[in-house]
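Student: Next come the chains, spelled out residue by residue.
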Amino acid sequence: MAGSIDGQVLRLDEPLSFWGGFDATSGAVIDRAHPQVGETLAGKVVAMPGSKGSSGTPGVLGESIRRGTGPAAMVVTKADINLVAGSLTAATLYDRPCPILLVDTAQLESLIDGETVIARPEETS
Amino acid sequence: MTVVLEEQEQRWLSGADGKAMQLAMRLVQAAAEVSGAERFVPIEMAHINSCHYSGSMSLDFAEFLLAEGATLAVPTHTNASLISCTSPDVRPQAASPVEVDGARRVMEIYEELGCSSMWTCAPYLQPEGRPTFGQQIVGSESNAVGFFNSVLGARTNKYGDLLDVSAAMVGRVPEVGLHTDEGRRATHVFDVSGLSAGVIADPNLPHLLGALLGREVQGRVGVIDGLESASEDALKAIAAGAAAAGGVDMFHVVGITPEASSLDAATHGIEPTHRTPVTDEDLDRVAELLTSADGDEPLRAVCLGTPHFSVAEFEATVSRLDGRRVHPSITMLITTSRAVATELDLRGLAAALTDAGVRIVLDTCTYYTPRPSGVDGLTMTNSAKWAYYAQGILDVPVAFASLEQCVDSAVAGRWIR
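Quick note, the sequences are listed as chains Z and G, same order. Residue numbers for the first sequence follow our numbering, so the first one is 1 and each next one is one higher. Residue numbers for the second sequence follow our numbering, so the first one is 1 and each next one is one higher.
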């Protein structure tokens, strides 16, 4: 998913299941087993290994983008069709882009929680 | 690696056949890019979860498909809905109007798009929803994906919402993973030959074995070796437990599932990379994780039918009830499909269950939110899958037990261990 990224980084140390592990109403991580439980994704550049789990992930991600409680962008180390499907569909239905940037582990590690990050479209995939 | 697109695929992408077909092809193409597929493979049926209301976008997406001229390329069956058309009081409209009205409208739209109205997570219990060996298909609901692949030998990866119906619209998927021979090769052996005779005879064994496999297999294809026999309902329980505990999309059982006539057949003769000897204690530990109740709470509900009960499972329930009635303080719900319910009527089983105070609930499942009426405290289930999800989703204490214990407890009005 192409697009500019400009926002504050939120690092998630483990993959997140959006269905069941994230509340699209509040934008909060609610999976009690997740290290960042309680953190809010709204408007953040969410840097994480990827998503996991259920087939419900695209719908919940898309719903959060619709509501404005979802990430502004995502930086992941594993290409993930569930994230792409949610993002692409929300962009089509609501004209609200949520770009996804694929990076390697070292690049992900270089992102510091709370700092502002900027990426240009030619660097996105 | 990029798939070379055929003329029709390019036409869909161009938008010439409407925005719905364009988005569907874009999603399927994105799936190919993400997975590194070199080509698409045509599919013969689909069982989709996009028809399950999970917020306003489910409805907006469905309305978009209808308005923009979506067409389905293959027979497409619907997964369980948020609501039950025959038992609307299970999730009353007055308590959750947005969700209930949204779910109803989404159901109508997918029917208008031409889906069959199965509304079940166990489509394989009826002939139209039961693919044959080797068929390339699209599955979405996790237990059904496991069952299609493992028990029937049909071929599907697990397709998420939006992508599942998109694949049904364009009639193709990227040829990767479980669609290929190599993707189905077992690399992790679960040796159950060391289990005691008592555990082998335990009716909970398939649920626990599934949950154990799910916790241990870490994305590999597992093969269970050393099981003498397993009914189709037992295999269903393994599939559901494994999918809920660990996202397992396929497993083999030596001598029982169709691609495992021998251990060698399941592993394609290649030395497995992982081997787990399963012990009685391993299964005890898994069982403990499935129960969150401490036993002091009064029993409020018994929820069975995750995945949707088969006729044989209803027969076992009636047999265990043996003329007894459910205690008036207990809500006992069993979920199943319209097709199985018709069969129950014909056999007189529906009347026997209703007379005993059991509610047969169609079209939906009981672990989704909003929480079903009456499921408001300690709830027993015989399903590892229900136990896994309900602990997080419903916020009620859960006790995992055998079908027999569930029935006896429902009759007694208290948790019998």
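Think of the hints as simulated: they come from the structure by calculation, not from any bench. As the structure is a prediction and not an experimental result, all values here were calculated from the model. Misleading hints may appear alongside valid ones.
Label pairs and their computed distance ranges (CB to CB) [claimed, not checked]:
no.: 1; chain 1: G; residue 1: Glu315; chain 2: Z; residue 2: Val37; range: 20 to 26 Å
no.: 2; chain 1: G; residue 1: Thr279; chain 2: Z; residue 2: Thr25; range: 40 to 46 Å
no.: 3; chain 1: G; residue 1: Ser229; chain 2: Z; residue 2: Val37; range: 40 to 46 Å
no.: 4; chain 1: Z; residue 1: Gly43; chain 2: G; residue 2: His268; range: 32 to 38 Å
no.: 5; chain 1: G; residue 1: Thr369; chain 2: Z; residue 2: Ser110; range: 35 to 41 Å
no.: 6; chain 1: G; residue 1: Arg414; chain 2: Z; residue 2: Gly43; range: 48 to 54 Å
no.: 7; chain 1: Z; residue 1: Val37; chain 2: G; residue 2: Thr369; range: 32 to 38 Å
no.: 8; chain 1: Z; residue 1: Glu39; chain 2: G; residue 2: Glu112; range: 36 to 42 Å
Chain G is nowhere near these chain Z residues, computed Cβ spacing over 12 Å in every case [what the hints assert, rightly or not]:
no.: 9; residue: Gly7
no.: 10; residue: Glu14
no.: 11; residue: Ser55
no.: 12; residue: Ala79
no.: 13; residue: Ala91
Glycine included, each C-beta is placed from N, C-alpha and C at the ideal position.
Student: Each hint needs a verdict: does it hold in this structure or not?
Tutor: Verification of the supplied hints:
As the Cβ distance of Glu315 (chain G) to Val37 (chain Z) is approximately 43 Å, the hint placing it in 20 to 26 Å is violated. Restraint check, Thr279 (chain G) to Thr25 (chain Z): a C-beta distance of roughly 43 Å satisfies the suggested window 40 to 46 Å. Ser229 (chain G) and Val37 (chain Z) have their C-beta atoms about 43 Å apart, which keeps the hinted 40 to 46 Å range intact. Remark: the range hint 32 to 38 Å for Gly43 (chain Z) to His268 (chain G) is contradicted by a beta-carbon distance near 49 Å.
A C-beta distance of roughly 39 Å is found between Thr369 (chain G) and Ser110 (chain Z), which places it inside the suggested range of 35 to 41 Å. A beta carbon spacing of about 49 Å between Arg414 (chain G) and Gly43 (chain Z) agrees with the range 48 to 54 Å that was offered as a hint. Taking 32 to 38 Å as the suggested C-beta distance range, the pair Val37 (chain Z) and Thr369 (chain G) does not conform, at roughly 18 Å. For the pair Glu39 (chain Z) and Glu112 (chain G), the supplied restraint of 36 to 42 Å holds, since their beta-carbon distance comes to about 40 Å.
With a closest Cβ-Cβ approach of about 22 Å to chain G, Gly7 (chain Z) is found to remain outside the 12 Å limit, as its non-interface label requires. Separation of Glu14 (chain Z) from chain G is adequate, the least Cβ-Cβ distance of about 14 Å exceeding the 12 Å criterion. Listed as a non-interface residue, Ser55 (chain Z) fails to keep its Cβ farther than 12 Å from every Cβ of chain G; the least gap is roughly 4 Å. Separation of Ala79 (chain Z) from chain G is inadequate, the least Cβ-Cβ distance of about 4 Å not exceeding the 12 Å criterion.
A beta-carbon of chain G comes within 12 Å of the beta-carbon of Ala91 (chain Z); the shortest separation is about 10 Å.
Of the hints listed earlier, those the structure fails to meet are numbers 1, 4, 7, 11, 12, 13, in rising order.
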